[in-house]
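Please arrange chains B, C and D on chain A, whose structure you already have, making use of the hints.
Chains as they are written, first to last, in our numbering: chain A, 1 to 125; chain B, 1001 to 1125; chain C, 2001 to 2125; chain D, 3001 to 3125.
Since the hints were made in silico from the structure, they are not lab data.
Since the model is a prediction, treat every value here as computed from it, not as a measurement.
Possibly wrong hints are sitting among the right ones.
Unchecked claim - Quick list of in silico lysine-lysine cross-link-like pairs, DSS-like style, CA-CA up to 27 Å:
hint, chain 1, residue 1, chain 2, residue 2
1, B, Lys1024, C, Lys2024
2, D, Lys3024, C, Lys2024
3, B, Lys1024, A, Lys24
4, A, Lys24, D, Lys3024
To be verified - Just the calculated beta-carbon pair ranges, DEER-fashion:
hint, chain 1, residue 1, chain 2, residue 2, range
5, A, Arg55, B, Ser1004, 18 to 28 Å
6, C, Ala2020, A, Lys24, 28 to 38 Å
7, B, Ala1112, D, Ser3025, 35 to 45 Å
8, C, Glu2066, A, Arg45, 44 to 54 Å
9, A, Asp43, C, Glu2047, 45 to 55 Å
10, B, Ser1004, C, Ala2020, 47 to 57 Å
As the list claims (entries may be wrong) - A few chain C residues that face chain B, going by a derived Cβ cut-off under 8 Å, partial list only:
hint, residue
11, Arg2026
12, Val2102
13, Thr2105
14, Met2120
C-beta: ideal position from N, C-alpha, C; glycine also.
Take a look at the letters that make up each chain.
Protein chains: 4
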Amino acid sequence: MKTSVGRYTWAIAEGYIPPASTGKSRELASHETVCILNASEQDARVEITVYFADREPVGPYVFDVEARRTRHLRFNDFEDPAPIPVNTDFSSVIVSTAPIVVQHTRLDSRQAELALLSTMAFAAD
Amino acid sequence: MKTSVGRYTWAIAEGYIPPASTGKSRELASHETVCILNASEQDARVEITVYFADREPVGPYVFDVEARRTRHLRFNDFEDPAPIPVNTDFSSVIVSTAPIVVQHTRLDSRQAELALLSTMAFAAD
Amino acid sequence: MKTSVGRYTWAIAEGYIPPASTGKSRELASHETVCILNASEQDARVEITVYFADREPVGPYVFDVEARRTRHLRFNDFEDPAPIPVNTDFSSVIVSTAPIVVQHTRLDSRQAELALLSTMAFAAD
Amino acid sequence: MKTSVGRYTWAIAEGYIPPASTGKSRELASHETVCILNASEQDARVEITVYFADREPVGPYVFDVEARRTRHLRFNDFEDPAPIPVNTDFSSVIVSTAPIVVQHTRLDSRQAELALLSTMAFAAD
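For reference, chain A alone in the conformation it holds in the complex:
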């Protein structure tokens, strides 16, 4: 098994937190997620910068992803340095100190039946 699967810099051009949910549980609330796999043998410090249409980027949002672990982070939960507004177009760039793999997923439950999208992020290095 390789222990360093991944890249150091990723980007997601799409970003949007639906402003409403019909799902009442955390699982079924509308959410915008960045899934990070650190399959390497070293802990990763991950910095995410968020880009907007009409203002300067915000960040970095800093997260630790331990060696041999995954974290599925919701943009909805981002707080420091500032929450990400709902119903607003954004993009993100993810930079890591160890090789990671990044995937983007949205669950949209604005209507009674949920919708899903997912794509691998763009490996920029």
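Showing chains B, C and D alone in chain A's frame:
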């Protein structure tokens, strides 16, 4: 943070504007979107050419994406040189003067409950 | 504008034609689609081979995609050398004589509200 | 036709088995799938390691994918060395002895109408 994440030429083979919507707001109207992130330090001039099954390509559609900004453009809104017909298969090629990242997303609300798809575009250079 | 955006060999690991539809129109019938963009200046001859879980591959299915055109082909419509069975797992490899871009999309309307998925195919060369 | 389309190491950062289904058939039960195409002329031994947020990775789960065949494996069905818990974030790394192509698909039928997502996995070599 790297300041030039991205590529100069991208392609999206799928393209389709649903001919109807149940959603009444702009957010929930059916739409076909190209999301562009310009994480570089220079403004980008972006030219999009649209390809069809049975006629010559149309374009370029020209957009400015400022440095450190994102724009989520709806094909539904394209007007110059010509609107894109609904219920018609198309593809697109996106060429930029600065490195960008491109992602394709559709929201389809022809029926009461919406459906979503998304994928990174193909980085052609 | 570059005139030869793309690659010559692509693969799609997922493949499945839903065995039923609630949509009555061709647009809303369940379908599995391979979208092909030929942005080059030469006509492309495209050969698609379909792989199954428990039998030898079938193909090639042969299609022409003219220069500067797109074709969104439904696996549902494939006939020669043999139709593709519904409700059956398959994969496909797409080989072209000119550079193309390939994207995979499914519309599933087995239930009253449709679901969508899409991803760029894997560029194998 | 090329006979060795693919790569040897793949990763999927997203992973989640919905904890419930409204669909009663196997086709419409919620499922998380890794689709593997072996378009090569040699049989592949595929080893999948599953990563979690808060514990050591589990695996390898070992599968054979014969030459010129596809297998669409459901994480729901994984048993040896251990079942994968539902409603739990995970990621996976897929290593093969022959070149393969890997795609990730989820069908979520927790609510009455299903939702779908799919993306090519990340080719790590």
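Going through the hints against the structure:
1. Proposed proximity of Lys1024/B and Lys2024/C is supported: the alpha carbons are some 24 Å apart, at most 27 Å.
2. Proposed proximity of Lys3024/D and Lys2024/C is supported: the alpha carbons are some 24 Å apart, at most 27 Å.
3. Using a Cα cut-off of 27 Å, the hinted pair Lys1024/B and Lys24/A holds, with the two alpha carbons roughly 24 Å apart.
4. Between the alpha carbons of Lys24/A and Lys3024/D the distance comes to roughly 24 Å, so the proposed pair stays at or under 27 Å and holds.
5. The given range of 18 to 28 Å is respected by Arg55/A and Ser1004/B, whose C-beta atoms sit roughly 21 Å from each other.
6. Between Ala2020/C and Lys24/A the Cβ separation comes to about 31 Å, which falls inside the hinted range of 28 to 38 Å.
7. For the pair Ala1112/B and Ser3025/D, the beta carbons lie near 24 Å from each other, so the given range of 35 to 45 Å is not met.
8. The hinted window of 44 to 54 Å between Glu2066/C and Arg45/A holds, with their beta carbons roughly 51 Å apart.
9. Checked against the given bound of 45 to 55 Å, the beta carbons of Asp43/A and Glu2047/C, roughly 47 Å apart, stay inside it.
10. Between Ser1004/B and Ala2020/C the beta carbons are some 49 Å apart, a value that agrees with the proposed interval 47 to 57 Å.
11. At a threshold of 8 Å, the smallest CB-CB gap from Arg2026/C to chain B is about 10 Å, leaving the interface hint violated.
12. At a threshold of 8 Å, the smallest CB-CB gap from Val2102/C to chain B is about 6 Å, leaving the interface hint in force.
13. The restraint placing Thr2105/C at the interface with chain B holds, with a minimum CB-CB distance near 5 Å, inside the 8 Å limit.
14. The interface hint given for Met2120/C is met, as the beta carbon of that residue sits about 5 Å from the closest beta carbon of chain B, less than 8 Å.
Taken one by one, the earlier hints fail for this structure at numbers 7 and 11, listed in ascending order.
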